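Engineer: Listed below are the residues making up each chain.
Protein chains: 2
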Amino acid sequence: MALKKIINAPETYTDDMLKGIYAAYPDEVKYVADDLRCYCTAKKKEGKVAIITGGGTGHLPLFLGYVGEGLLDGCGVGGVFQSPSAEQIFNVSQEVEAGAGILYLYGNYTGDIMNFDMAAEMCEFEDIETRSIVGADDVNSGEDVNIRRGVAGIFFMYKCAGAKAAQMGSLDEVLAAAQIAKDNTRTVGFALTPCIIPEVGHPNFTLGEDEMAMGMGIHGEPGIWNGPIKTAKEIAAESMDTILNDMPVAAGEEVCVLINGLGATSVEELYILSGEVADILKEKGIGIYRTFVGEYATSMEMAGASISICRMADQEMKDWIDMPVSTPFYCQK
Amino acid sequence: MALKKIINAPETYTDDMLKGIYAAYPDEVKYVADDLRCYCTAKKKEGKVAIITGGGTGHLPLFLGYVGEGLLDGCGVGGVFQSPSAEQIFNVSQEVEAGAGILYLYGNYTGDIMNFDMAAEMCEFEDIETRSIVGADDVNSGEDVNIRRGVAGIFFMYKCAGAKAAQMGSLDEVLAAAQIAKDNTRTVGFALTPCIIPEVGHPNFTLGEDEMAMGMGIHGEPGIWNGPIKTAKEIAAESMDTILNDMPVAAGEEVCVLINGLGATSVEELYILSGEVADILKEKGIGIYRTFVGEYATSMEMAGASISICRMADQEMKDWIDMPVSTPFYCQK
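For the record, the sequence lines run as chains Y and B. Counted from 1, the first sequence has number 201 at position 201 by my numbering; the numbering is strictly sequential. Counted from 1, the second sequence has number 1192 at position 192 by my numbering; the numbering is strictly sequential.
Simulated from the structure, these hints should not be mistaken for laboratory data. Keep in mind it's a predicted model, so treat the numbers as computed, not measured. We put the CB at the ideal spot given by N, CA and C, even for glycine. Accuracy of the hints is not assured; some may be wrong.
Derived Cβ-Cβ restraints for the label pairs, each shown as a range [stated by the list, open to error]:
| no. | chain 1 | residue 1 | chain 2 | residue 2 | range |
| --- | --- | --- | --- | --- | --- |
| 1 | B | Asp1241 | Y | Glu199 | 29 to 35 Å |
| 2 | B | Asp1246 | Y | His202 | 37 to 43 Å |
| 3 | B | Asn1146 | Y | His202 | 44 to 50 Å |
Isolated chain Y (complex conformation):
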């Protein structure tokens, strides 16, 4: 498996990508501190709680793609599958802070936690108030929610926190909105092929010609089983069992469904999977409030997908989900 990518050189991958993004959306986003990886909205809104995310490159539209109207305000951009530095997160923080404090909202990975925590300390010295919350929706990555990895389900945390911030909620209210989304969201993912980190040059794991990996993480973290590829119906059934055993949803309740492509998997397949998930929910008498299908959190050119379920806890949460948003990478009317 060769490095079949449209790039200039492995070592310029992240910065070349960022240059392309800034050139494409000059009115929407900008960078600060003379560092392409300090990614900020160009439409700062005074008095609003700022939300900052961050993480490694290789997951577009995660993370920076959610910076924009109704969602996030800034993003620390790391190298491929690497954390941004504390300095970068702090630089973004200084730029986007708008007088109401900052929520750090990112995935539950050790490097990210360390650097966001350091950035929070640096903010404290500057009298910038911060709160932190991590996405940890990947059920198969651990029994204990505190050690679970954050994957595509963070979208619902962005959506709810972003909506509450746009409604000019306080820092604690925005944190609470992210927490409600976190408490009600679970994800199961599975890979069909690996991907290649440009500077490494070979696949990040191996799978047999007819194998899939259930529960694999978006950086190739091992899942719970590797075995022959199952049908869409079987994959949906196993994934939904895992999710609903971990987070029971009663008949009559409503959920949002997010079918996320990991990169190489075609949109056609995502809808085949989505249809199977819809059938399962219907059988159980669970209502679908809204369905999202597409690439929300990828692993470059990995083939595979994830299923996220977000239980609608109350009407306010539905209103957050329905709030129109617009970023260069994501738009919901």
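Since chain Y is already given, all that's left is putting chain B on it; use the hints.
Structural biologist: Then chain B, alone, in the frame of chain Y:
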């Protein structure tokens, strides 16, 4: 290369996908004539010119993904890489016709032309007025525009015709808007890997481990050369030369840029390519009116991309490009 897809069975691929789409967006789209492949907007607007497209499955969001507000009204859906039937197009036509006639707007492929022309004749018997225009933007598919294949550049035809229809233009005005977009749009595409048609089960062509195919079509039609993979900068330079030799754009003029992923290629790579295209345009003194990056016309899990340039002929065209649109698959604020 095994059939690594999330499906139930090759023979139910298209219909399973369609079931998933209708289940996901019950308020937005529906089918008629008891045929999943007769795909129509659920938000018909009386008095508006209806625009219908169609083509094979395997190119999402092309074709059906552009049915929605500000864009199209219906789509005949074929099997994988196959044309919809004349009956299917006619059934869609009867449903979405709203008193102002119908524009058929689709890609320049023999099977599609035959079936859309037959559907137009069936409409004539029912006193439904139609006009037809085909996208033919793929420069490397032929010297003569009349034989060129339609690829991702059809997006600009959808956008301009859809906007003119939303402005309640007449059938001839909507056709003229599509024609202006056609006259000013050119595309160059290139593949890095093949894809697998589910019912065939093996790749639709072969490329060496380090090879790319310049000019390859979205069904695997042969391009103009196969050879070692070039850098993003080299690919952008060759593609832009091809485009601008065919359609000169003067310094001081403005263009829209569409960087389209064919399926497996990561969004990161599309922005690396986009950055190179922006540099070339800047050097030539050509302004960028707007940049679009993402998957607009795919070939399932094929790796590769295309570059489309749409010259902004006048202010009206810019207004059409800027008009907000919203479909289940595509949203522009």
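Engineer: For every hint, state whether the structure bears it out.
Structural biologist: Structure-based check of each hint:
1. Between Asp1241 (chain B) and Glu199 (chain Y) the Cβ separation comes to about 30 Å, which falls inside the hinted range of 29 to 35 Å.
2. Range check, Asp1246 (chain B) to His202 (chain Y): about 39 Å between beta-carbon atoms, so the 37 to 43 Å window is met.
3. Between Asn1146 (chain B) and His202 (chain Y) the beta carbon distance is about 46 Å. The supplied range of 44 to 50 Å therefore holds.
In the structure shown, no violation is registered for any of the earlier numbered hints.
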